[in-house]
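**Q** Heads up: the protein sequence lines correspond to chains F and W, in order.
Heads up: the first sequence runs through residues 1 to 240, numbered per this note's numbering.
Heads up: the second sequence runs through residues 1001 to 1240, numbered per this note's numbering.
The hints are simulated quantities; they were obtained by calculation from the structure and are not laboratory data.
It cannot be assumed that every hint is accurate.
Claimed, not checked - Residues from chain F that face chain W, not an exhaustive set, calculated with beta carbons under 10 Å: (1) L21; (2) R77; (3) P119.
As the list claims (entries may be wrong) - Calculated pairs, SDA-like style, for lysine to any residue (alpha carbon to alpha carbon, straight line, at most 20 Å): (4) W:K1179 / W:G1100; (5) F:K179 / W:D1155; (6) W:K1179 / F:E153; (7) W:K1179 / W:L1210; (8) F:K179 / F:V204; (9) F:K179 / F:P208; (10) W:K1179 / F:R158; (11) W:K1179 / F:S94; (12) F:K179 / F:A143; (13) W:K1179 / F:A143; (14) W:K1179 / W:I1202; (15) F:K179 / W:R1158; (16) W:K1179 / W:A1212; (17) F:K179 / F:G144; (18) F:K179 / W:R1157; (19) F:K179 / F:E105; (20) F:K179 / W:E1153; (21) W:K1179 / W:G1144; (22) F:K179 / F:R230; (23) F:K179 / F:L210; (24) W:K1179 / W:R1151; (25) F:K179 / F:E153.
Glycine included, each C-beta is placed from N, C-alpha and C at the ideal position.
In case you want the letters, here they are:
Number of protein chains: 2
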Amino acid sequence: MTTSDSAGPYDADLMAAVTELGAAVRDLIGTTVTTTVGAGEIRAAAELVRATTPLLAASRRPASQLPALDDPTSGRRVYNPVSGIGSPLAPPLSIRRVEGGRLGEVAAEATLGVAYEGPPSYLHGGMSALLMDQLLGSAAGAAGLWGMTARLELDYRRPVPLETPLVLRAAVTENAGRKTVLTGTIATAAAPENTLVQACGIFVQPRPELAAAYFGSITDASGRHTPPRRPSDATATEQD
Amino acid sequence: MTTSDSAGPYDADLMAAVTELGAAVRDLIGTTVTTTVGAGEIRAAAELVRATTPLLAASRRPASQLPALDDPTSGRRVYNPVSGIGSPLAPPLSIRRVEGGRLGEVAAEATLGVAYEGPPSYLHGGMSALLMDQLLGSAAGAAGLWGMTARLELDYRRPVPLETPLVLRAAVTENAGRKTVLTGTIATAAAPENTLVQACGIFVQPRPELAAAYFGSITDASGRHTPPRRPSDATATEQD
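Looking at chain F on its own, in the form it has when it is part of the complex (with noise of 0.2 Å):
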């Protein structure tokens, strides 16, 4: 689910590129949300931004052709909102298997900023939501478990601090065919035993004949149908 544990092979140089941009793009979003600048100077600010802008509308695909960096497959999302290298709104959290541990056991430092705020100097409790849906999500990728949220619990201890670095960790707790439990939690690095929230959640595998009605659209780069799938699925998807 990271991008150095991705099976498929990429574009390094694009690979680079993308990076490049996604981090300029998170540190203008980071200094956008704190900046006390006055209007006259922030109006120039967009400006610069709204030039910037067609150098990339140049050519764009659309929602059902996956970017060409992506392998589905691996969990390889250069996009995705949490974990994503070149999504600007993503921390990005680079979330690991955890070797020897539970079953699908992922985990991932961050240290989160101003633009995640919910209560002044703590971060929004939909983002803590964001945060461990996406880690049950990876827990179950890196168990060869792929499904889509069904439910999802969160309990909220205590608020999480802004600027702190944290610890994030996820592991399936029950394997029942298409749909697994995942549980997860936040914690600060210091205090890593000290639960901040706690999640839990059911990921479903959609049926077939439901993944086909999704699915049904999305493509890969080169237009090859390439929906979301577990490994295991590879060899009766290739035959279709």
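With the hints as your guide, set chain W onto chain F.
**A** Below, chain W alone, put in the same frame as chain F:
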């Protein structure tokens, strides 16, 4: 909870500039995650973005200081990552009170782009949670019952399509002093009665000693101590 129904006065010229920059960076993000131009053009765009950021970085606020345009008592938070007009992360949702509706009832419309994607062509499950948490919190605020998320439960009945007009709703279902129970839904505008995602949340106003610990250092732009609070707390807090 929106800029239009807020109580406090603000610098209209600064608000216009912040709105303009938020829109420009948001548009840049949507283009960044869908562009198919080559690595050279992507690097050129990154260079322009990096040249823009220093204009805004010339003067910044710390996380403990609210933005000059914010009015936390009325709920005006211009960089809120869901509803903030100045937040490039936010769609932004314009959350409005439903006149004559249920207690604290609020609604919003939104059409979400590829930047918010989870499964191909659908909204990230965690993004549904983020949006719902904000709607529930806004409903609490609309009822004068500000609190922090203590528990959030989401049921995902059908995937939420991208690039499709959506309606989001929330209201208070139970008010028990510091604790407020809320529910909310996401549906398409074309089929508003067909709930795609259902949310239930418990929001809690921290007890005074906890609130003091959490928000003791929070100030507005002029340096005045400005913790989040309910309108009913205003008289007591003015005497701090």
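**Q** Under the criterion that the straight-line Cα-Cα distance not exceed 20 Å, is the pair K179 (chain F), A143 (chain F) satisfied?
**A** Roughly 12 Å between the alpha carbons, so the hint for K179 (chain F) and A143 (chain F) holds.
**Q** Mind checking the alpha carbons of K179 (chain F) and E105 (chain F) for me, to see if they're no more than 20 Å apart?
**A** holds, 17 Å
**Q** Quick one, are K179 (chain F) and V204 (chain F) close enough, alpha carbons at most 20 Å?
**A** holds, 5 Å
**Q** Decide if the proposed pair is consistent with the structure: K1179 (chain W) and L1210 (chain W), CA atoms, cutoff 20 Å inclusive.
**A** Holds. K1179 (chain W) to L1210 (chain W) sits at ~15 Å (cutoff 20 Å).
**Q** Close enough to count: is the Cβ of R77 (chain F) nearer than 10 Å to one in chain W?
**A** holds, 8 Å
**Q** Next pair to validate is K1179 (chain W) with A143 (chain F); report whether the Cα-Cα distance is within 20 Å.
**A** Judged against 20 Å, a Cα distance of about 38 Å means the pair is violated.
**Q** Next pair to validate is K179 (chain F) with D1155 (chain W); report whether the Cα-Cα distance is within 20 Å.
**A** holds, 14 Å
**Q** Regarding the pair K179 (chain F) and G144 (chain F), is the alpha-carbon distance no greater than 20 Å?
**A** holds, 12 Å
**Q** For the pair we were handed, K1179 (chain W) and R1151 (chain W), check the Cα-Cα distance against 20 Å.
**A** Given pair K1179 (chain W), R1151 (chain W) holds - Cα atoms ~11 Å apart, limit 20 Å.
**Q** For the pair we were handed, K1179 (chain W) and R158 (chain F), check the Cα-Cα distance against 20 Å.
**A** Holds, at about 15 Å.
**Q** Are K1179 (chain W) and G1144 (chain W) close enough, with their CA atoms no more than 20 Å apart?
**A** holds, 12 Å
**Q** Quick check on the hint: L21 (chain F) CB to chain W CB, less than 10 Å?
**A** Hint on L21 (chain F): holds, closest Cβ of chain W at ~4 Å, below 10 Å.
Of the numbered hints listed earlier, those contradicted by the structure are 4, 11, 13.
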